[in-house]
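Please put together the full structure from these sequences, using the hints given.
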Amino acid sequence: MKHERSAAYERVRAARSKNRYTGMDFIHNIFTDFMEMHGDRRFADDPAVVGGLGYLDGVPVTVIATEKGRDTKSRLRRNFGAPNPEGYRKALRLMKQAEKFGRPVVCFVDTSGAFCGIGAEERGQGQAIAESISEMMVLRTPILAILIGEGGSGGALALAAADEVWMLENAVYSVISPESCANILWRDPGRAAEAAESLKLTARDALRLGVIERVVAEHSREPSLVFGALRGDVAAWYDSVASIPADALTRGRYARFRKLGVTNENSLA
Amino acid sequence: MSIAPLFRKPNNELEKGGRHHPTRPEYDPGITRTCPECGYGNPVSGLWESMYVCRCGYNFSMTARQRIAFLTDEDAFTELFGEVESVNALEFPGYTEKLESTKKSARESDAAVCGTAAVGGSPFAFFAMEPGFMMGSMGSAAGERITRLFEYATERELPVVGCTVSGGARMQEGLLSLMQMAKTCGAAKLHSRRGNFYLAILTNPTTGGVTASFAMSADIIIAEPGATVGFAGARLVEQTVRKKPPPGFQKAETLLERGFADMIVRRSKQRQVVSRLLEMHARRTRV
Numbered sequence: 001m002k003h004e005r006s007a008a009y010e011r012v013r014a015a016r017s018k019n020r021y022t023g024m025d026f027i028h029n030i031f032t033d034f035m036e037m038h039g040d041r042r043f044a045d046d047p048a049v050v051g052g053l054g055y056l057d058g059v060p061v062t063v064i065a066t067e068k069g070r071d072t073k074s075r076l077r078r079n080f081g082a083p084n085p086e087g088y089r090k091a092l093r094l095m096k097q098a099e100k101f102g103r104p105v106v107c108f109v110d111t112s113g114a115f116c117g118i119g120a121e122e123r124g125q126g127q128a129i130a131e132s133i134s135e136m137m138v139l140r141t142p143i144l145a146i147l148i149g150e151g152g153s154g155g156a157l158a159l160a161a162a163d164e165v166w167m168l169e170n171a172v173y174s175v176i177s178p179e180s181c182a183n184i185l186w187r188d189p190g191r192a193a194e195a196a197e198s199l200k201l202t203a204r205d206a207l208r209l210g211v212i213e214r215v216v217a218e219h220s221r222e223p224s225l226v227f228g229a230l231r232g233d234v235a236a237w238y239d240s241v242a243s244i245p246a247d248a249l250t251r252g253r254y255a256r257f258r259k260l261g262v263t264n265e266n267s268l269a
Numbered sequence: 270m271s272i273a274p275l276f277r278k279p280n281n282e283l284e285k286g287g288r289h290h291p292t293r294p295e296y297d298p299g300i301t302r303t304c305p306e307c308g309y310g311n312p313v314s315g316l317w318e319s320m321y322v323c324r325c326g327y328n329f330s331m332t333a334r335q336r337i338a339f340l341t342d343e344d345a346f347t348e349l350f351g352e353v354e355s356v357n358a359l360e361f362p363g364y365t366e367k368l369e370s371t372k373k374s375a376r377e378s379d380a381a382v383c384g385t386a387a388v389g390g391s392p393f394a395f396f397a398m399e400p401g402f403m404m405g406s407m408g409s410a411a412g413e414r415i416t417r418l419f420e421y422a423t424e425r426e427l428p429v430v431g432c433t434v435s436g437g438a439r440m441q442e443g444l445l446s447l448m449q450m451a452k453t454c455g456a457a458k459l460h461s462r463r464g465n466f467y468l469a470i471l472t473n474p475t476t477g478g479v480t481a482s483f484a485m486s487a488d489i490i491i492a493e494p495g496a497t498v499g500f501a502g503a504r505l506v507e508q509t510v511r512k513k514p515p516p517g518f519q520k521a522e523t524l525l526e527r528g529f530a531d532m533i534v535r536r537s538k539q540r541q542v543v544s545r546l547l548e549m550h551a552r553r554t555r556v
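Residue numbers (this note's numbering), protein chains in the order written: chain A, 1 to 269; chain B, 270 to 556.
Think of the hints as simulated: they come from the structure by calculation, not from any bench.
No experiment lies behind these values; they were computed from the predicted model shown.
Where a beta carbon is used, it is the ideal one built from N, C-alpha and C, also for glycine.
A few of these clues could be false.
[To be verified] Simulated restraints, written as ranges between beta carbons of each label pair:
1) B:E360 / A:A217: 38 to 44 angstroms
2) B:V510 / A:W186: 23 to 29 angstroms
3) B:E366 / A:M37: 49 to 55 angstroms
4) B:E360 / A:R93: 56 to 62 angstroms
5) A:R93 / B:R462: 17 to 23 angstroms
[Stated by the list, open to error] Result set (DSSO-like, lysine-lysine): computed pairs, CA atoms no more than 30 angstroms apart in a straight line:
6) A:K259 / A:K96
7) B:K538 / B:K513
8) B:K512 / A:K73
9) A:K259 / B:K538
10) A:K73 / B:K538
11) B:K512 / A:K18
12) A:K18 / A:K100
13) A:K259 / A:K100
14) A:K259 / B:K373
[Said to hold, decoys possible] So the derived list for chain B, only partly shown, Cβ under 10 angstroms to chain A, looks like this:
15) W317
16) Y321
17) M450
18) T476
19) P494
20) V506
21) L525
22) I533
Written out as structure tokens, the structure is:
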């Protein structure tokens, strides 16, 4: 079977691994004095999305992360990191606050996708994602998104409409899960590995497609090295964008996404 | 029975818009299309006049060109950006062939037809998605066309009216399709920021990445009766929560009840409603 030989699908497995670091690990290892803020002020608090304030080298930062949970109990509580509309609305509320107080926003994304639940649909999952993307495009403060595990389609993009998007070496980013893709195309979820190759979902692929700016090395997944390096990189990123006027920032953000896509009129650089 | 012969007309003529409905005598009155809701065999010859609505109220799917013809003034539609086409950038297996065969069967070059139009004399930028083109899925070309349309409308202070029908982002273009969500959202947002009006008409089905981007970003959202509008497909939801979704799940009527659509407008009224809304949003010079 192709299953064993697929490098892309190995990345999918690594990204989904239960032993992998989660959103909260990044928050606590990169920022200091983190305080979590809850609720979307409309309906509920979604435990699948963690948001709050922390310091990065003395600079207050609004931090948002999807959180899958560590053990069975917390995974259930966190809905395995699949946000409901309230999660996106909470994130957006906090981002608007960051804009108000001139704080940068850093998002850590690790989700198989927005939750496919009855209530989620009834409370406007599609609308919540659309609003989050639209508002992020014009948010007048710097935004950095880091994909740390699974980047599941619109549910991930809703927290990644940023000035720069980085991906960890073993993270994946895809429009659809390889299983669903194989199911739709060949009516055979068993061909997921093949689909994973075709979807071009690895960090290297995303870099080549211009979808991300940087691949973050994982040093054989030694967490302390990853966190340490990332702390420095995030701080350096903020230094480089802190003085950019808001108009130029949002113009640049739109231009970043505006150029993405390949048609008969352009080609991959 | 195929209704394809009805619409086999040269593209350039259709693109002018304001097309007359097909002259009926050519068609065999015996040819019918069965309504999936009530089982009634609708004579194909009468479908255009009934705007593809069954006597029970069921809405048959309509092509982008049919939408243009019934929503816009005669000869008022000028197509834009039709030259932008999808390519198999990821070398996805079978996609090149699929694109070629779809272009022939749908007689469109991609899933979104854009242009300028007018209704009741009010000019606007218009897009209609094509259900026959890979289920109206959004890849780089559809995303680029819609983005350009919003940019075009922003420059000229034109309102945008769009009819959506889509299975979502096109998986054969992978991440490039996903990025079209951000691109179109950004373009729609900038259009909005400049005080321009955007009206979306959500038709059956509007799902996935299209719902979660420009479809839900409109100032006013009209849904067609009975249309399915949602993010995740109902089957996927059922598999995920192992529970049957309630009756009316993701239907236009439920959307209205839950506050995610402004109004439900049947096809026979759409032209009038669009025309009036455009009039009400005519740009005035601010004092």
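Checked hints:
no. : hint                                : verdict
1   : B:E360 / A:A217: 38 to 44 angstroms : 27 angstroms, violated
2   : B:V510 / A:W186: 23 to 29 angstroms : 25 angstroms, holds
3   : B:E366 / A:M37: 49 to 55 angstroms  : 51 angstroms, holds
4   : B:E360 / A:R93: 56 to 62 angstroms  : 42 angstroms, violated
5   : A:R93 / B:R462: 17 to 23 angstroms  : 20 angstroms, holds
6   : A:K259 / A:K96                      : 26 angstroms, holds
7   : B:K538 / B:K513                     : 34 angstroms, violated
8   : B:K512 / A:K73                      : 22 angstroms, holds
9   : A:K259 / B:K538                     : 39 angstroms, violated
10  : A:K73 / B:K538                      : 53 angstroms, violated
11  : B:K512 / A:K18                      : 26 angstroms, holds
12  : A:K18 / A:K100                      : 37 angstroms, violated
13  : A:K259 / A:K100                     : 29 angstroms, holds
14  : A:K259 / B:K373                     : 29 angstroms, holds
15  : W317                                : 32 angstroms, violated
16  : Y321                                : 25 angstroms, violated
17  : M450                                : 6 angstroms, holds
18  : T476                                : 8 angstroms, holds
19  : P494                                : 19 angstroms, violated
20  : V506                                : 5 angstroms, holds
21  : L525                                : 12 angstroms, violated
22  : I533                                : 17 angstroms, violated
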